[in-house]
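Work the whole structure out from these sequences, hints included.
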Amino acid sequence: MQVVSISSLKGGVGKTSVTTGLASAALAAGVRTLVVDLDPHADATTALGVQPGDQLDIGRMLKSPRRAKIAENVVRSSWADRTPPNGSGPAVLDVAVGSAYTGIYDRPDLGRRDLRRLSAVLAGANDYQLVLIDCPPSLNGLTRMAWAASDKVALVAEPGLFSVAGTERTMRAIQLFKQEFAPNLSPAGIVANRVRSGSSEHTYRLAEMESMFGELLLSPRIPEQANWQQIQGAAHPVHHWPGDSAKSAAGLFDDLLSNLMASRSGLRSRAR
Numbered sequence: 006m007q008v009v010s011i012s013s014l015k016g017g018v019g020k021t022s023v024t025t026g027l028a029s030a031a032l033a034a035g036v037r038t039l040v041v042d043l044d045p046h047a048d049a050t051t052a053l054g055v056q057p058g059d060q061l062d063i064g065r066m067l068k069s070p071r072r073a074k075i076a077e078n079v080v081r082s083s084w085a086d087r088t089p090p091n092g093s094g095p096a097v098l099d100v101a102v103g104s105a106y107t108g109i110y111d112r113p114d115l116g117r118r119d120l121r122r123l124s125a126v127l128a129g130a131n132d133y134q135l136v137l138i139d140c141p142p143s144l145n146g147l148t149r150m151a152w153a154a155s156d157k158v159a160l161v162a163e164p165g166l167f168s169v170a171g172t173e174r175t176m177r178a179i180q181l182f183k184q185e186f187a188p189n190l191s192p193a194g195i196v197a198n199r200v201r202s203g204s205s206e207h208t209y210r211l212a213e214m215e216s217m218f219g220e221l222l223l224s225p226r227i228p229e230q231a232n233w234q235q236i237q238g239a240a241h242p243v244h245h246w247p248g249d250s251a252k253s254a255a256g257l258f259d260d261l262l263s264n265l266m267a268s269r270s271g272l273r274s275r276a277r
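For the working numbering, add 5 to where a residue sits in the sequence shown, where the first one is 1.
Some clues are possibly wrong.
[To be verified] Cβ-Cβ distance ranges computed for the label pairs, FRET-style:
| hint | residue 1 | residue 2 | range |
| --- | --- | --- | --- |
| 1 | R201 | R117 | 40 to 46 angstroms |
| 2 | S263 | P228 | 36 to 42 angstroms |
| 3 | K68 | Q180 | 28 to 34 angstroms |
| 4 | K252 | N189 | 33 to 39 angstroms |
Since the hints were made in silico from the structure, they are not lab data. Beta carbons are placed, not taken as given, at the ideal position from N, Cα and C, and that holds for glycine.
Below you can see the structure in the form of structure tokens.
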């Protein structure tokens with residue numbers, strides 16, 4: 006099982022869009038996947054077409070992590086119903102449902118015991134090949150809790166001044182966190198998202214990111230897509246959305262997922 010946190014320091018860069026795009030690619034590839042919606046806004050839960058029932062949300066699982074029994078509390082994404090079985094059995098895409106309750110942990114003063122709460126919850130998730138954690142856009146307790154439970158951190162950034170600066174700060178934060186709390190943690194790489202091909206500013210910032218981050222800048226880059234809000238609003242996987250632009254986006258997320266899962270020791274891709 007690989008556990009990958011999808012993180013950003015700055016809001017509005019499409020972190021949840023990248024999470025759901027990767028989830029769509031994993032579903033299409035037959036990778037048994039769990040999405041942990043750790044953002045108190047719970048946008049990933051909505052986008053994944055989840056109708057919460059009597060199951061515990063992730064916030065309440067974190068409250069009593071050793072008694073949480075995550076296998077009994079995940080909810081099947083409606084996306085899986087649109088995906089035919091593959092050679093290894095039915096498609097699996099489950100969600101640990103997000104809620105505002107997680108906000109009680111999103112503070113900067115969590116101790117070591119609190120930072121291990123998500124790790125304890127995920128100890129019962131061994132039936133999955135991939136766990137994607139959608140983190141809130143901050144470096145407070147929830148993101149650090151996610152990092153403590155993860156093998157890798159994938160950072161999402163737009164090619165803009167503030168986002169690039171925030172990504173550099175987040176990279177430093179990962180190294181400090183690795184030294185103090187999680188020696189096995191490493192960056193999976195940086196996803197350049199919402200890239201506008203005709204923008205001279207984006208071209209400049211992408212070149213800047215290549216210079217700053219080298220091979221940690223993952224390939225492919227994800228272009229801005231006009232109908233992405235419509236796809237998310239319909240709670241639909243991009244791989245099942247009609248039209249050439251959705252087909253192209255699906256292919257990019259296939260490549261991105263392949264790069265992220267390429268190897269356990271080095272989930273990174275050389276930038277193109």
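Here is what the structure says about each hint:
Judged by the Cβ atoms, the range 40 to 46 angstroms given for R201 and R117 holds: they are separated by roughly 43 angstroms. Hint check: S263 to P228, Cβ distance near 18 angstroms, so the stated range 36 to 42 angstroms is violated. One distance hint, 28 to 34 angstroms for the beta-carbon pair K68 and Q180, holds here, with the actual separation near 30 angstroms. Distance hint check: the CB atoms of K252 and N189 are about 37 angstroms apart, consistent with the given range 33 to 39 angstroms.
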